[in-house]
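Chains as they are written, first to last, in this note's numbering: chain A, 42 to 170; chain B, 42 to 170.
I should point out that these hints are in silico values taken from the structure, not numbers from a laboratory. Honestly, I wouldn't trust all of these hints.
For chains that are exact copies, the list does not tell them apart, and a pair is met inside one copy or across any two.
To be verified - Lysine to aspartate or glutamate pairs mimicking DMTMM-like chemistry, simulated, CA-CA at most 20 Å apart:
1. K84 with D117
2. K84 with D132
3. K84 with E70
4. K84 with E115
5. K84 with D142
6. K84 with D139
7. K109 with E135
8. K109 with D132
There are 2 protein chains.
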Amino acid sequence: MESVFEIIAEPNRRAILALLVSNQASVGEIERQLRMTQPTVSKHLRVLREAGFVESTVDAQRRLYRLKPEPFQEMDTWLAQFRRFWSAHVDALERYLDRMDQPQSTRPKGKSSKKTSQPKPRTNQGEKK
Amino acid sequence: MESVFEIIAEPNRRAILALLVSNQASVGEIERQLRMTQPTVSKHLRVLREAGFVESTVDAQRRLYRLKPEPFQEMDTWLAQFRRFWSAHVDALERYLDRMDQPQSTRPKGKSSKKTSQPKPRTNQGEKK
DNA sequence: TCATTATATTCCTTGACAAGTATATACTCG
DNA sequence: CGAGTATATACTTGTCAAGGAATATAATGA
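Modelling step: build the complete structure from the supplied sequences, incorporating the hints.
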């Protein structure tokens, strides 16, 4: 359980994080809102705390948990290496759809401001099993 | 193995994705570059393919694998709900560091009451929105 | 002090999954 | 055709994490 990716692989932990994004919450509040048992909530919160996703402060007998930003930034950094790739694909899709909108011979107005070069047709190929 | 988050929880799969971001590659190339056994590579590629992270085309006896954008966009969408939160924190940290840079007085002494401290060295890079 | 509330922890069982080994499938070329 | 190459799959095993039940710890208030 070392990486941030393993931490968020667990659905209940993602639910807890999504809950905490709007407000801090106590264990009992999380327990009721997400309909999980109390030990389950506490155990997931421990994992999240040790991974730096949340921190807690004491309020009488309660403990209030709230998000910490660092692991999210780390995920975003990892994702960034793919961002250029996928946005290129989105652009290609946009150009394709733009062209579909136009009658095939004449294309009077350019909606997308990108370049309209089309060097390579997509390899559209089926999968089998 | 349902969600995209479980897929990328596995370090070898993340390595494969990171390798494919620059170029498509055959199973054998992945095997050599990442020093994994061939069945391990094939099995991870199967998982990645079924989850929509990669697609393959046949080139003689080889199969060339390349990335597909959709799951990355899905991750980005999930991450987006936290982005407002963490950028607010980055802004707060920046303001704090800006204030530290000022040689001015008006330094309140003991300010924080209860907080889990988090030592963070400042990496200097000025950026404003 | 005791009772109550809130949370953390321990023990146990179960299931998922990753890797290794062996084998199967598929394509190419002589 | 057979040999060689490239990839996929089957089967087994070890590890590890998630959840349930019970219990421990801690703070509050009477």
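We went through each hint and held it up to the structure:
1. K84 with D117: neither (25 Å within a copy, 27 Å between copies)
2. K84 with D132: Result: close neither inside a copy nor across copies, 43 Å intra and 31 Å inter.
3. K84 with E70: within (15 Å within a copy, 41 Å between copies)
4. K84 with E115: neither (23 Å within a copy, 27 Å between copies)
5. K84 with D142: Neither, since 53 Å and 41 Å both go past 20 Å.
6. K84 with D139: neither (50 Å within a copy, 38 Å between copies)
7. K109 with E135: Between copies only: 16 Å across chains, 36 Å inside a chain, cut-off 20 Å.
8. K109 with D132: Between copies, since 14 Å is at most 20 Å while 34 Å is not.
Hint compliance for this structure: hints 1, 2, 4, 5 and 6 are broken, all remaining hints hold.
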